[in-house]
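All chains should be built: construct the whole structure from the sequences, respecting the hints.
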Amino acid sequence: MTALDHTTVQWRRVSPKYIWSELIGAFFWALVALAGIIAILVIPDVPKWVAVFPGAGLLVILISIPFEWRRVRAIGYQLRQDDLVFRRGLFWSRMVAIPYGRLQLVDIQRGPLTRIFGLSSLKVVTAAAVTNVTIPGLGWQDAEKLRDDLVALAETRRAGL
Numbered sequence: 001m002t003a004l005d006h007t008t009v010q011w012r013r014v015s016p017k018y019i020w021s022e023l024i025g026a027f028f029w030a031l032v033a034l035a036g037i038i039a040i041l042v043i044p045d046v047p048k049w050v051a052v053f054p055g056a057g058l059l060v061i062l063i064s065i066p067f068e069w070r071r072v073r074a075i076g077y078q079l080r081q082d083d084l085v086f087r088r089g090l091f092w093s094r095m096v097a098i099p100y101g102r103l104q105l106v107d108i109q110r111g112p113l114t115r116i117f118g119l120s121s122l123k124v125v126t127a128a129a130v131t132n133v134t135i136p137g138l139g140w141q142d143a144e145k146l147r148d149d150l151v152a153l154a155e156t157r158r159a160g161l
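Using the working numbering, the first residue of the sequence shown is number 1, and each one after it goes up by one.
These aren't lab readings, by the way, just hints derived from the structure by calculation. Where hints are given, some of them may not hold.
[Unchecked claim] Here are the simulated DSS-like cross-link-like pairs (lysine-lysine), alpha carbons at most 27 Å apart as the crow flies:
| no. | residue 1 | residue 2 |
| --- | --- | --- |
| 1 | K145 | K17 |
| 2 | K123 | K17 |
| 3 | K145 | K123 |
[As the list claims (entries may be wrong)] Simulated restraints on C-beta separations:
| no. | residue 1 | residue 2 | range |
| --- | --- | --- | --- |
| 4 | R115 | K145 | 13 to 23 Å |
| 5 | A127 | A39 | 38 to 48 Å |
| 6 | T156 | P112 | 27 to 37 Å |
| 7 | W69 | E144 | 23 to 33 Å |
| 8 | R13 | R110 | 16 to 26 Å |
| 9 | A127 | I38 | 39 to 49 Å |
| 10 | D45 | D107 | 45 to 55 Å |
| 11 | I116 | I65 | 18 to 28 Å |
| 12 | E144 | P47 | 49 to 59 Å |
| 13 | T156 | L31 | 47 to 57 Å |
| 14 | K48 | G76 | 43 to 53 Å |
| 15 | R110 | G76 | 12 to 22 Å |
| 16 | D107 | R12 | 13 to 23 Å |
No residue lacks a Cβ here, since even glycine has one placed at the ideal position from N, Cα and C.
Encoded structure:
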């Protein structure tokens, strides 16, 4: 299968636990913005209009929270015969197809918050920086298996180079 056929290829989604990681992160940044607003309003000799900046950040965070569940569900990937296809995004969607023979590095990253939920991010690096992809919200075992599969596929495709 060489052409991207959305009707027959099954998209793999990230773990549903990833939404909780994202919501906790948004809550943390909302608290930071709120603390900034309070600090600006309490500290004397600071112009009160400066509170507009953390206030705008807080507003953006609060508006984006209801969309988090849908944004996470929009993340998906496919392992096709010749390439890895990755998609993400609601309003500004991105879909990237990376031929296995172009893979240079497959890296697993685990941050402190995602580690609590047993999740990882898998970073796929190619020679072209615009095609680098990070698949967030994978379970540890899923990320390790996907890494091993991608490395094996890359080695078989790279034999002719």
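- Using the C-beta atoms of T156 and P112, is the stated range 27 to 37 Å upheld? 36 Å, holds
- Cβ distance range 16 to 26 Å for R13 and R110, holds or violated: At 19 Å between Cβs, range holds.
- Message: Within 38 to 48 Å: is that where the Cβ-Cβ distance between A127 and A39 falls?
- Response: 46 Å, holds
- Item | C-beta pair K48, G76: status relative to the range 43 to 53 Å that was hinted | Hint holds: Cβ distance 45 Å, inside 43 to 53 Å.
- Message: I want to verify a distance hint. Is the separation of the beta carbons of R110 and G76 within 12 to 22 Å?
- Response: Holds: the Cβ-Cβ distance is about 21 Å, inside 12 to 22 Å.
- Query: Straight-line Cα separation of K145 and K17 no greater than 27 Å?
  - Reply: 19 Å, holds
- Task: Take a quick look at whether K123 and K17 sit within 27 Å of each other, Cα to Cα.
- Result: Status holds; Cα separation ~19 Å.
- For the pair supplied as a hint, K145 and K123, is the alpha-carbon distance within the 27 Å limit? 13 Å, holds
- Message: Tell me if the beta carbons of W69 and E144 are separated by a distance inside 23 to 33 Å.
- Response: About 26 Å separates the Cβ atoms of W69 and E144, which means 23 to 33 Å holds.
- Message: Quick check on a hinted range of 45 to 55 Å for D45 and D107, using CB atoms only.
- Response: 47 Å, holds
- Taking the beta carbons of A127 and I38, is their distance inside 39 to 49 Å? Roughly 48 Å apart at Cβ, these two residues keep to the hinted range, so it holds.
- Task: With respect to the beta-carbon atoms only, verify the hint that R115 and K145 lie 13 to 23 Å apart.
- Result: Given about 18 Å between the Cβ atoms, the range holds.
Of the numbered hints listed earlier, not one is contradicted by the structure.
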